[in-house]
Amino acid sequence: MRKTFSRILWAIFFLACAALLVASKMGVVSVKIGFWLFAGTVIFASSLLYSLLKLNITGAIFSIAFLLILYADPLGITRLSPWTILIAATLISVGLNLLFGKKIHPNISITRVADLGSKDKVLDGNFSTSSQNDAGSHVRIDQTMSDTSRYVHSKDLETIELNSKLSDVYLYLDDAEAAGEQVFLDLNVTMSDVVIYLPRSWRVSNTLSPLLSEVDVKGVSEGSGPTLIVRGQVSLSEVAIKYV
Numbered sequence: 082m083r084k085t086f087s088r089i090l091w092a093i094f095f096l097a098c099a100a101l102l103v104a105s106k107m108g109v110v111s112v113k114i115g116f117w118l119f120a121g122t123v124i125f126a127s128s129l130l131y132s133l134l135k136l137n138i139t140g141a142i143f144s145i146a147f148l149l150i151l152y153a154d155p156l157g158i159t160r161l162s163p164w165t166i167l168i169a170a171t172l173i174s175v176g177l178n179l180l181f182g183k184k185i186h187p188n189i190s191i192t193r194v195a196d197l198g199s200k201d202k203v204l205d206g207n208f209s210t211s212s213q214n215d216a217g218s219h220v221r222i223d224q225t226m227s228d229t230s231r232y233v234h235s236k237d238l239e240t241i242e243l244n245s246k247l248s249d250v251y252l253y254l255d256d257a258e259a260a261g262e263q264v265f266l267d268l269n270v271t272m273s274d275v276v277i278y279l280p281r282s283w284r285v286s287n288t289l290s291p292l293l294s295e296v297d298v299k300g301v302s303e304g305s306g307p308t309l310i311v312r313g314q315v316s317l318s319e320v321a322i323k324y325v
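So the sequence shown is residues 82 to 325, counted in the working numbering.
Hints are computed from structural coordinates only; laboratory data are not their basis. Keep in mind that a hint or two might mislead.
[Stated by the list, open to error] Calculated cross-link-like contacts (lysine to any residue; reagent style SDA-like; alpha-carbon spacing at most 25 Å):
1) 236 to 246
2) 236 to 271
3) 106 to 124
4) 135 to 246
5) 246 to 149
6) 106 to 169
7) 135 to 124
8) 323 to 212
9) 323 to 285
10) 299 to 276
11) 236 to 285
12) 299 to 288
Keep in mind the model is a prediction, meaning the values are calculated, not measured.
Work out the full structure: start from the sequences and follow the hints.
Next comes the structure, spelled out in structure tokens:
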């Protein structure tokens, strides 16, 4: 879910950048943003967001420092030279790292519920997680803001429909057998991470239409088994197919 949360923040950030640029050109905001100012804002604001997500004190402090340099005039801090701001950022970074450097790295523990055939369960009131076995010819997965592991043990698998929004889905096909020469996997995925585990004997035909997404096949097929035809729509997501 951390990756999903990160993607949401990045999506909001780029939408906000677009809104700021349009508002500036329309005179809604008083600050006139030219190309280089906008480019610098995107770069250092991206660095700030990335540093915050990674809990990087130094990166966050210096990103703020460069933003202050860029906007010194509208902020009324032109008396502060760039070198003054950077030296102050260095001192602040050293001080905060001495105070919090060892405390700012949290230990995150995720517990998986392995109750076969169970419904989704809520952990700590944050999001649901589940594990389920499937043995039918047609498998359907619907996930929203949750974490699930699906184990397919079908001996005559034909189709899989996977709908996911703001979720992490782990699909295990390593124990599945196809009904024919092809198995169709239809994806409708938005802001999610999908990992598919596939036998090495299977082949993959990727006809996905990705939008700002990453689709990766990891490993090499032996090419003697059925073909998994992956199709559908993927937006702001990561899809990984791993041979096992």
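These are the hints, each one checked on the structure:
1. About 29 Å separates the Cα atoms of residue 236 and residue 246, which puts this hinted pair outside 25 Å; it is violated.
2. A distance of roughly 30 Å separates the Cα atoms of residue 236 and residue 271; the hinted pair therefore is violated under the 25 Å criterion.
3. For the proposed pair residue 106 and residue 124, the alpha carbon gap of about 20 Å is at most 25 Å, so the pair holds.
4. Taking the CA atoms of residue 135 and residue 246, the gap is near 24 Å; set against the 25 Å cutoff, the hint holds.
5. Between residue 246 and residue 149 the alpha-carbon distance is near 37 Å, which puts this suggested pair outside the 25 Å criterion.
6. This hinted pair does not check out: residue 106 and residue 169 have alpha carbons roughly 33 Å apart, beyond 25 Å.
7. Taking the CA atoms of residue 135 and residue 124, the gap is near 16 Å; set against the 25 Å cutoff, the hint holds.
8. In summary, the hint linking residue 323 to residue 212 is supported, as the alpha carbons are separated by about 19 Å, within the 25 Å threshold.
9. Restraint check: the Cα-Cα separation between residue 323 and residue 285 comes to about 11 Å, which is no more than 25 Å; the hinted pair holds.
10. Proximity of residue 299 to residue 276 is assessed by CA-CA distance (about 10 Å); at most 25 Å being required, the pair is judged to hold.
11. Proximity of residue 236 to residue 285 is assessed by CA-CA distance (about 19 Å); at most 25 Å being required, the pair is judged to hold.
12. A threshold of 25 Å between alpha carbons decides the hint, and for residue 299 with residue 288 the separation of about 17 Å falls inside it, so the pair holds.
Of the numbered hints stated above, those contradicted by the structure are hints 1, 2, 5 and 6, listed in ascending order.
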